[in-house]
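Protein sequence lines correspond, in order, to chains R and U.
Heads up, the first sequence stops at 441 in the numbering used here, and the numbers go up one at a time, no gaps.
Heads up, the second sequence stops at 756 in the numbering used here, and the numbers go up one at a time, no gaps.
Worth flagging that the hints you see were computed from the coordinates, not collected in a lab.
Do not take every clue at face value.
[Stated by the list, open to error] Heads up, simulated DSSO-like pairs for lysine-lysine below, C-alpha to C-alpha not over 27 Å straight-line:
1) Lys582/U to Lys497/U
2) Lys497/U to Lys367/R
3) Lys528/U to Lys412/R
4) Lys558/U to Lys497/U
5) Lys367/R to Lys558/U
6) Lys558/U to Lys582/U
7) Lys162/R to Lys88/R
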Amino acid sequence: MSKLTELRRAQQADRRRRQLMLWVAFAVTLVLLPFAATNFGLTILTQICIASVFALAYNMLLGQGGMLSFGHAVYFGLGGYLVMHVMKFVGDGLPVPMVFMPVFGGIFGLIMGIIVGSFSTRRSGTVFAMISLGIAELVAGCALIIVSFFGGEEGVSADRTKGISFFGYHLAQQIEVYFFAAFWFFVATFMMYRFSRTPAGRMANAVRDNPERVEFVGYSQRRVRFVSFAASAFFAGLAGGMFAIQYEIVTEAAVNAVASGQVLLQAYIGGIGFFVGPIVGAIALTLLSTVVSGATELWLLYAGLIFVGTVLFVPQGLTGLIMMHARAWRNGRLGSLIVPYLLSGIPLIATLIGIIGLLEMTAFVEKAGVGDTVMRLYYTELDTSSWAPWLGFAALTIAGLLMLRFARPGLKAAWERANGTVSAPSEATPTSSIVREQAAE
Amino acid sequence: METVVFSLLNGLVYGLLLFLLASGLTVIFSMMGVLNFAHASFYMLGAYFAYSISLKIGYWPALFIAPVIVGIVGAVVERYGLRHVHKFGHVPELIFTFGLAFLLEEIVQFVWGRDQKPYRGPEELSGPLFELFGSSFPAYKMFMLLISVAIFIALLVVLNRTRIGLIIQAAINQPQVVAMLGHNVPLIFMMTFGVGTALAGVAGVIAGPVLGTYPAMGIELGSIVFVVVVLGGLGSLIGAFAASLIIGFVQTFAIAVNGTLADVFAKFGIIVTRDTVLHDIWFATLPQVAPLLPYLMLILVLIFRPLGLFGTRET
Numbered sequence: 001m002s003k004l005t006e007l008r009r010a011q012q013a014d015r016r017r018r019q020l021m022l023w024v025a026f027a028v029t030l031v032l033l034p035f036a037a038t039n040f041g042l043t044i045l046t047q048i049c050i051a052s053v054f055a056l057a058y059n060m061l062l063g064q065g066g067m068l069s070f071g072h073a074v075y076f077g078l079g080g081y082l083v084m085h086v087m088k089f090v091g092d093g094l095p096v097p098m099v100f101m102p103v104f105g106g107i108f109g110l111i112m113g114i115i116v117g118s119f120s121t122r123r124s125g126t127v128f129a130m131i132s133l134g135i136a137e138l139v140a141g142c143a144l145i146i147v148s149f150f151g152g153e154e155g156v157s158a159d160r161t162k163g164i165s166f167f168g169y170h171l172a173q174q175i176e177v178y179f180f181a182a183f184w185f186f187v188a189t190f191m192m193y194r195f196s197r198t199p200a201g202r203m204a205n206a207v208r209d210n211p212e213r214v215e216f217v218g219y220s221q222r223r224v225r226f227v228s229f230a231a232s233a234f235f236a237g238l239a240g241g242m243f244a245i246q247y248e249i250v251t252e253a254a255v256n257a258v259a260s261g262q263v264l265l266q267a268y269i270g271g272i273g274f275f276v277g278p279i280v281g282a283i284a285l286t287l288l289s290t291v292v293s294g295a296t297e298l299w300l301l302y303a304g305l306i307f308v309g310t311v312l313f314v315p316q317g318l319t320g321l322i323m324m325h326a327r328a329w330r331n332g333r334l335g336s337l338i339v340p341y342l343l344s345g346i347p348l349i350a351t352l353i354g355i356i357g358l359l360e361m362t363a364f365v366e367k368a369g370v371g372d373t374v375m376r377l378y379y380t381e382l383d384t385s386s387w388a389p390w391l392g393f394a395a396l397t398i399a400g401l402l403m404l405r406f407a408r409p410g411l412k413a414a415w416e417r418a419n420g421t422v423s424a425p426s427e428a429t430p431t432s433s434i435v436r437e438q439a440a441e
Numbered sequence: 442m443e444t445v446v447f448s449l450l451n452g453l454v455y456g457l458l459l460f461l462l463a464s465g466l467t468v469i470f471s472m473m474g475v476l477n478f479a480h481a482s483f484y485m486l487g488a489y490f491a492y493s494i495s496l497k498i499g500y501w502p503a504l505f506i507a508p509v510i511v512g513i514v515g516a517v518v519e520r521y522g523l524r525h526v527h528k529f530g531h532v533p534e535l536i537f538t539f540g541l542a543f544l545l546e547e548i549v550q551f552v553w554g555r556d557q558k559p560y561r562g563p564e565e566l567s568g569p570l571f572e573l574f575g576s577s578f579p580a581y582k583m584f585m586l587l588i589s590v591a592i593f594i595a596l597l598v599v600l601n602r603t604r605i606g607l608i609i610q611a612a613i614n615q616p617q618v619v620a621m622l623g624h625n626v627p628l629i630f631m632m633t634f635g636v637g638t639a640l641a642g643v644a645g646v647i648a649g650p651v652l653g654t655y656p657a658m659g660i661e662l663g664s665i666v667f668v669v670v671v672l673g674g675l676g677s678l679i680g681a682f683a684a685s686l687i688i689g690f691v692q693t694f695a696i697a698v699n700g701t702l703a704d705v706f707a708k709f710g711i712i713v714t715r716d717t718v719l720h721d722i723w724f725a726t727l728p729q730v731a732p733l734l735p736y737l738m739l740i741l742v743l744i745f746r747p748l749g750l751f752g753t754r755e756t
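Isolated chain R (complex conformation) (with noise of 0.2 Å):
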């Protein structure tokens, strides 16, 4: 009996300990980061830090209270028009510091989270999901009809280097914001992740789950959807106040149906099972937003593509590809992948090139004026006038896909191998047992 409770003591304390390096690595991360960055490196983990909290935010809704909405960036961008009006007083005089600015939009968010969560959260599904919408497209039309507030199609604008300074900082250097939204993006991150370590937080993953159970336990599902819809539009308002610092502009697109939208995309790709998914999948966008957009125009198709690809194959998102194989990872087994991810890693490779080519090149062609023929395209010119190139990326794509064809079953085998499924049910991952549950309903 003592031994038992010595023991569970000890585990408790050691996963306490692994938990405190973990945040520990996160925050030396976040310092150290900035140092390995251009300006432009600064501006885009900027934006990474921003688009992190407001999609770990989204995914308080949908992955952790099972409520899938369609307009979240209303009060991400409620929250950003707020704290521009703050700036402006701060300008004329108000004696805050512009680093507390989130604090700002994140209770405008919560207010207006608060209003709404008070109907909309009634139901869940698709009612709520409509809801969200519907709410999406007032805000955003408000957000051109009601000038004296949102500033019309022209937006609000301020300035973040006005007013008493914060320790000697002006937030007038890219580091200095870039400090300022880590700063925010850890702190952010740290709230979240204990309150989905609270009975509210437990209570929501169970409203997601089993409803009428939770009903029979003698918890009202309403409310405790409505506690974390208020909690998750405070951080949505708290992203905004940060979105404002560094544009130090908010306009409709910041509360518009495309906005909310990006987030979901953000949440669902990094994976909506997993407390680290939405940053992952934060960082993924981001970068396609930023770097791959200065390189193709397309980038907005194969957001998509990725996106609807990753809800038909990998439903649990790119975090839920990476914790797969923790189980193979505790098997010492990981080894045993790498030669056949690489028989099929190839060949999938292989045949993104080919289809990225051949559409980078149909987009040319299109575009290109009469006798424009060479274009650049990984690093070679391309004569678009001639069959070599077309036939080139088509034989690409159709052996790549031959090749992924006769891997699969290889790959298949070494999996099981390296999981060691003979020994028992593979392990669930959240986002399955979610899946399984709704598929079961």
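The hints should help you fit chain U onto chain R, whose structure is shown.
Leaving out everything else, chain U in the frame of chain R:
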């Protein structure tokens, strides 16, 4: 008088067009339990296919060919996309159709470009049909009206008077029982999805020349169609019909009537000036807020009557 008559006619045309989309969406929803976010994207595909076909062989063949192609695309999406996601549950299904809407818009931009296409109706219908109080009513709009009514009647007859309609109605309510009776329910689902998207395609073919053929046309109409099916009650065809007409009339009348809340207040002796609080709201004109009215109605209905006007089920 003139405004009233023309708004009525325009509202009817627009409302029936909405019904072409809403009917397919409603039947698909009742059967498979999934709200197809991408439904209006098939409307967009219809317009673009018809545009390309009409350039080659004219408008009339396009009117028949384009919806068929759209229907086939829809059936393929159901067979290889939705059916696969279905086992993950409703939320992933909704997310899938959302992603599909996004992807289809990008594909259309990739193939046809970002700008509006000069898609036109047939030469024969380009003139006015009749003149009333000095304004003319285009023949093409009457043609749209007739097509919509014809499809509405055909749909009613098929659903209520034929064997396949009977099976569809049964599959809407009790898919498992229908499967046990030996019907191929997945096939019925696929066909229904195909026909529903083909109806959206028809709407695209006939509305493209009037409302414009551009990449955002699907997303823009899509949320309105959502409002229609939710307002009418999810799964109710009659409700979808009523809600289509309501939204159609609301939209056209709101654009035709010029007024602000400040005018209304003035009637009651309350004078609102530019210095009053929230003056933006009181001075917003009705045509300005017209696009927002459907969403306002949607939210109010969902709060006070989540089943919609004629609905009987929630999810």
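Hints versus structure:
1. Lys582/U to Lys497/U: Holds, at about 24 Å.
2. Lys497/U to Lys367/R: holds, 22 Å
3. Lys528/U to Lys412/R: Holds - the C-alpha atoms of Lys412/R and Lys528/U are around 22 Å apart, at most 27 Å.
4. Lys558/U to Lys497/U: Holds, at about 15 Å.
5. Lys367/R to Lys558/U: Holds, because 16 Å separates the two Cα atoms, which is no more than 27 Å.
6. Lys558/U to Lys582/U: Cα-Cα ~19 Å, so holds.
7. Lys162/R to Lys88/R: At roughly 9 Å apart (the allowed maximum being 27 Å), Lys88/R and Lys162/R satisfy the hint.
Checked against the numbered hints above, the structure breaks none of them.
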